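Chemist: Protein chains in written order, with our numbering: chain H, 135 to 289; chain L, 135 to 289.
Quick caveat, the hints were computed from the structure, so don't treat them as lab data.
Among the hints, erroneous ones may be present.
Since the list gives no way to pick one copy over another, a pair counts as held whenever it fits inside one copy or between any two copies.
Unchecked claim - Only pairs whose alpha carbons sit at most 25 Å apart, straight line, appear in this in silico DMTMM-like list of lysine to aspartate or glutamate:
| # | residue 1 | residue 2 |
| --- | --- | --- |
| 1 | Lys-232 | Asp-189 |
| 2 | Lys-240 | Glu-279 |
| 3 | Lys-232 | Asp-202 |
| 4 | Lys-232 | Glu-205 |
Just so we're clear, the structure is a prediction, and the values are computed from it rather than from any experiment.
Protein chains: 2
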Amino acid sequence: MIINPNWVSGFVDGEGTFYVGFNKQPEMVLGIQVLPEFRVVQHQRDIKLLHALKDFFKAGVVRRNHEDRYELRIRNLQHLQEIIIPFFDQYPLLTQKKFDFIKFKKIISILTAGKIDKEKILEMIEISSLMNRKNKVKTLQLKKEIMDKDMTLRP
Amino acid sequence: MIINPNWVSGFVDGEGTFYVGFNKQPEMVLGIQVLPEFRVVQHQRDIKLLHALKDFFKAGVVRRNHEDRYELRIRNLQHLQEIIIPFFDQYPLLTQKKFDFIKFKKIISILTAGKIDKEKILEMIEISSLMNRKNKVKTLQLKKEIMDKDMTLRP
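Kindly produce the complete structure, drawing on both the sequences and the hints.
Modeler: Laid out in structure tokens, this is it:
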């Protein structure tokens, strides 16, 4: 299947998601795992297309999302930084999803810029709370918990 | 807003719908009005993009769909035949929606090929029943009603 990059940009404008999860992981630095993820979800009838997109980006895995829906999911930070972000810089999104992408890009740049401290975690949660709209309550709660805790940096 | 045609194809693969409605209209030939429609629905935050797509195709109207959702809707048969169908022939869809497009195209070709008789109406209902999946029950019921009636051609 030959896929035009502008087609990919249009398709992702409709069907793609830039998401940043924050999982509590006591064993990790600051007790928080930051999980940026780019995904495209489709009904199983279009699973071949998800594999074609995986080949297109040379990144990610195709997995069941839920029930009869499958997703291409890219979580690898290097792939996000070196493949996904340059791609959407070159083939820009046109819907309001472009603002999710800008925030996602900012979070990736924080994650790849060096040591993560409490301030950076809070900044990423703050940025994430403005993404995807559904995310707001969850991230604000998490932010409160982190600010309430007297967190210290662990190496 | 500059829109690349391949972006449009990708976006429609995610967000577009090719739909054929059949309305009972006693005053019309055969008592059935066939209403093919191409539409793209978006949240109101992307209403500007719908207008940009309208300018891109030079066809259609932007209207409220329901609640906070708006649509670009193209119903004009000539526009469907001369703009929409050649466009997606040139910039093909890649999801299974392409099969909806093929059926839609077939219905447009029947509608524009000349006089519509009972047989053609039934053929269009049959084709439509295989589109969009949700349409099946409604169209089969309609088909039954038409076949039960002793319909005569009115000029």
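Chemist: Each of the hints needs a verdict: does it hold here or not?
Modeler: Checked hints:
1. In the homo-oligomer, the alpha carbons of Lys-232 and Asp-189 lie at most 25 Å apart both inside one protomer (23 Å) and across protomers (21 Å), since each shortest distance falls under that limit.
2. Proximity of Lys-240 and Glu-279 under a CA criterion of 25 Å is satisfied intra-copy only: 23 Å inside one chain copy versus 59 Å between copies.
3. Taking the shortest alpha-carbon separations for Lys-232 and Asp-202, only the inter-copy value of 20 Å comes in at or below 25 Å, while the best intra-copy value is 28 Å.
4. For the identical chains of this complex, Lys-232 and Glu-205 are neighbours both inside a copy (20 Å) and across copies (20 Å), given an alpha-carbon limit of 25 Å.
Of the numbered hints given earlier, the model fails none.
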